[in-house]
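Colleague: So you can see what is in the structure, the chains are spelled out below.
Protein chains: 2
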Amino acid sequence: MKSTGLIVEYNPFHNGHLHHVEQARQLTNADVIIAVMSGNFLQRGEPAIVSKWTRAKMALSAGVDLVVELPYAFAVQHAKKFAFGSINILKALDCDNFCFGSESGDIDEFYQALNFIKVNQVTYEENVKKLMKTGISFPSALTNSFTMINHQGEFVDLTKPNNILGFHYIEANHELITPMKAYTIKRKNANYHDKEFSSSTIASATSIRKATFEGNQSLQKIEQYIPDSTLKAMEEYLSEYGSFHHWEQYWPFLQYRLLNISSEDLEEIYDIEEGLEHRLQKMAKESQSFQEFMNKIKTKRYTWTRLQRICVHILTNTKKNEMKKLHDKIQYIRLLGMTHKGREYLNHKKKDLPFPIISKLSSYPNEFVQLDVRAANIYAQGLKEPYRSSLFKMEYAQPPYYFN
Amino acid sequence: MKSTGLIVEYNPFHNGHLHHVEQARQLTNADVIIAVMSGNFLQRGEPAIVSKWTRAKMALSAGVDLVVELPYAFAVQHAKKFAFGSINILKALDCDNFCFGSESGDIDEFYQALNFIKVNQVTYEENVKKLMKTGISFPSALTNSFTMINHQGEFVDLTKPNNILGFHYIEANHELITPMKAYTIKRKNANYHDKEFSSSTIASATSIRKATFEGNQSLQKIEQYIPDSTLKAMEEYLSEYGSFHHWEQYWPFLQYRLLNISSEDLEEIYDIEEGLEHRLQKMAKESQSFQEFMNKIKTKRYTWTRLQRICVHILTNTKKNEMKKLHDKIQYIRLLGMTHKGREYLNHKKKDLPFPIISKLSSYPNEFVQLDVRAANIYAQGLKEPYRSSLFKMEYAQPPYYFN
Chain L
0 MKSTGLIVEY NPFHNGHLHH VEQARQLTNA DVIIAVMSGN FLQRGEPAIV SKWTRAKMAL
60 SAGVDLVVEL PYAFAVQHAK KFAFGSINIL KALDCDNFCF GSESGDIDEF YQALNFIKVN
120 QVTYEENVKK LMKTGISFPS ALTNSFTMIN HQGEFVDLTK PNNILGFHYI EANHELITPM
180 KAYTIKRKNA NYHDKEFSSS TIASATSIRK ATFEGNQSLQ KIEQYIPDST LKAMEEYLSE
240 YGSFHHWEQY WPFLQYRLLN ISSEDLEEIY DIEEGLEHRL QKMAKESQSF QEFMNKIKTK
300 RYTWTRLQRI CVHILTNTKK NEMKKLHDKI QYIRLLGMTH KGREYLNHKK KDLPFPIISK
360 LSSYPNEFVQ LDVRAANIYA QGLKEPYRSS LFKMEYAQPP YYFN
Chain X
0 MKSTGLIVEY NPFHNGHLHH VEQARQLTNA DVIIAVMSGN FLQRGEPAIV SKWTRAKMAL
60 SAGVDLVVEL PYAFAVQHAK KFAFGSINIL KALDCDNFCF GSESGDIDEF YQALNFIKVN
120 QVTYEENVKK LMKTGISFPS ALTNSFTMIN HQGEFVDLTK PNNILGFHYI EANHELITPM
180 KAYTIKRKNA NYHDKEFSSS TIASATSIRK ATFEGNQSLQ KIEQYIPDST LKAMEEYLSE
240 YGSFHHWEQY WPFLQYRLLN ISSEDLEEIY DIEEGLEHRL QKMAKESQSF QEFMNKIKTK
300 RYTWTRLQRI CVHILTNTKK NEMKKLHDKI QYIRLLGMTH KGREYLNHKK KDLPFPIISK
360 LSSYPNEFVQ LDVRAANIYA QGLKEPYRSS LFKMEYAQPP YYFN
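These protein sequences, in sequence, are chains L and X. Numbering of the first sequence is given in numbering that gives the first Met the number 0, commencing with residue 0 and proceeding in unit increments. Numbering of the second sequence is given in numbering that gives the first Met the number 0, commencing with residue 0 and proceeding in unit increments.
Incorrect hints may have been included.
Identical copies look the same in the list; a pair holds intra-copy or inter-copy alike.
Claimed, not checked - Here are the simulated DSS-like pairs of lysine-lysine, each with C-alpha atoms no more than 25 Å apart in a straight line: (1) K79 - K299; (2) K231 - K324; (3) K281 - K318; (4) K392 - K128.
Honestly, the hints are just simulated from the structure, not real lab data.
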């Protein structure tokens with residue numbers, strides 16, 4: 000069976016994603032589509048609008064055959080580590096291909112950029128160092144450094160967010176002993192960061208979430224941008240858990256945590272660089288909402304998403320030394336859902352997989368998975384009782400969704 | 000000026016307290032009444048119904064001349080440490096006398112008990128050890144051990160909560176180089192733990208709080224048991240901060256903290272003995288309210304109040320090593336309020352005081368006071384915005400109340 004991997008967040012699954020799944024299947028002639036998906040907290044440092052279980056269900060309903068979780072240690076991360084984790088999981092599942100959406104849509108541009116950087120490594124890295132000294136963020140320095148040597152703009156445009164991610168996928172894949180074959184599909188109509196709707200059927204996940212929260216969690220305004228199965232899954236979530244998830248629901252906990260932690264302990268939290276801890280603690284006391292807090296702490300040096308990720312790490316109490324243990328290699332694959340075909344594929348491959356597959360947490364006492372469990376517990380904390388308790392239980396008791 | 004010290008919590012100040020202030024003044028012929036009062040978290044491991052500032056105001060309105068804060072490190076403590084802190088602060092303020100309420104009402108009984116225990120120290124301590132092995136709590140073991148040697152019941156009855164506290168005051172006072180003169184007044188009508196009303200004007204603080212929360216924070220049912228000045232102060236609090244304070248408001252934060260802390264770090268929290276941490280973390284996930292959680296974690300070995308205190312320490316992230324630094328001696332006296340006479344007294348004594356007096360926190364960057372600041376911040380966390388922010392600010396900006 001020919002398999003193609005996708006790297007996704009599905010927050011929530013929308014028509015653009017559906018298009019991508021269908022195109023990927025067609026382009027790569029895949030029998031099986033495998034998605035590695037962020038869990039309850041996402042790459043940009045946000046809680047997912049609905050839990051990973053519901054997002055897995057959306058994916059399966061829309062043509063994905065197998066959904067596995069990208070562990071927190073790789074999901075709530077900058078593009079390079081996010082890509083490393085995703086690509087390695089897809090490879091571990093023995094994918095033949097992987098396929099990502101990009102603004103570029105031309106896979107050759109990515110390989111050319113990779114080669115070009117390798118050839119100009121010294122200049123590239125010197126530029127990065129110089130740029131960092133001007134006080135800009137690391138991702139901006141990488142992008143600007145590349146733009147500086149990419150005089151004619153002949154390679155991929157690394158100022159675009161999906162191109163950046165794609166570049167890191169290509170780079171991570173290139174480091175594998177036997178790389179997968181890479182494909183990219185040009186994104187349709189919507190830009191990644193679009194906050195407003197611009198097409199009649201395709202919209203960015205950002206604008207879909209925005210419309211949902213602005214509409215007081217009503218789904219009417221977003222119906223046209225999501226498959227019926229997504230709509231149904233979101234309606235079910237709302238009736239089962241009372242609310243979608245938004246950073247503001249976690250703000251009291253983040254604020255509380257910033258008030259009770261010592262600055263020494265705060266410095267141990269993953270990705271916090273010296274000096275930031277005092278700023279965070281001071282501003283926590285002076286802010287009445289997450290939005291206000293973020294506006295108060297942002298600087299040129301830290302990107303908005305990095306600060307949001309740091310906030311997630313504080314919320315989940317993820318420490319530097321804990322992350323270090325998890326980063327070297329993937330330790331497990333957590334299965335969220337599968338179709339009949341996905342199950343067949345997995346049965347076929349199972350005995351050769353390099354990591355254990357976790358189907359149900361309660362029967363898998365692995366120390367490495369503890370961070371994901373904690374993240375799931377804290378994600379549930381954003382809900383009120385009795386919804387909170389029922390989401391707690393999910394994490395342990397839920398077997399992977401089976402979609403026939 | 001002749002001064003008499005009281006050790007109080009005023010949660011809230013009621014007619015029984017008023018009676019005690021008046022009796023103490025009369026009995027000791029005092030010019031100045033000084034109260035050392037728990038801050039925002041109390042001896043029994045509970046948030047105070049209203050903040051320390053409002054409780055200080057209540058006390059001043061009802062005849063107390065000077066209110067100082069018993070630091071968290073001594074307030075959220077078992078009777079012995081609570082008494083040590085209180086007595087030492089009163090002594091530091093150069094009180095001539097101190098006066099406490101008790102079920103006994105006879106000061107000689109307390110001294111006889113103290114002497115009797117000293118004479119029978121060996122038997123007494125052996126009994127305690129034996130009793131502890133049966134799995135009962137330390138306070139119960141102390142009480143039972145005393146009862147075992149107090150055959151004829153000729154000394155004070157140490158099964159009564161106010162007698163126990165009184166005994167520890169007498170003991171702590173006895174260890175001073177020049178002890179204060181001790182007085183006790185028999186408590187009128189209400190028992191410490193009474194949950195229902197039994198008199199027409201005097202009720203326990205417990206029953207007053209219960210009626211307040213049952214009545215949906217209405218004060219109508221408690222009017223007859225509190226002075227008008229307390230009623231007014233409570234009404235003001237409600238309009239200024241939107242709500243009184245109850246453990247259930249802190250439950251989501253306690254639960255959150257128990258979910259994100261590692262069991263190793265939890266074991267570092269003050270007063271947690273090995274093994275308890277796992278029980279707390281397991282039950283946090285399975286409980287939907289503080290009440291339910293407490294019912295699930297209680298054992299014979301830990302008293303209810305000790306478990307509540309442990310919960311407060313987890314909430315405030317108070318660690319064993321941090322408490323150790325604060326326990327040896329009083330480091331400061333924090334002034335909450337004074338009458339004209341109280342101010343005169345303080346001016347008169349100020350130059351001879353063994354510790355600095357903190358009038359306003361913003362001008363006093365003492366490391367020892369940080370735990371009190373943290374406790375105040377976390378106390379404010381029980382309120383919703385915008386009330387939370389305004390209570391945060393109080394802690395730094397509020398000068399002591401001056402009541403003329």
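Colleague: For every hint, state whether the structure bears it out.
Modeller: Here is how each hint holds up against the structure:
no., hint, result
1, K79 - K299, "within (20 Å within a copy, 53 Å between copies)"
2, K231 - K324, "neither (39 Å within a copy, 58 Å between copies)"
3, K281 - K318, "both (21 Å within a copy, 22 Å between copies)"
4, K392 - K128, "neither (47 Å within a copy, 42 Å between copies)"
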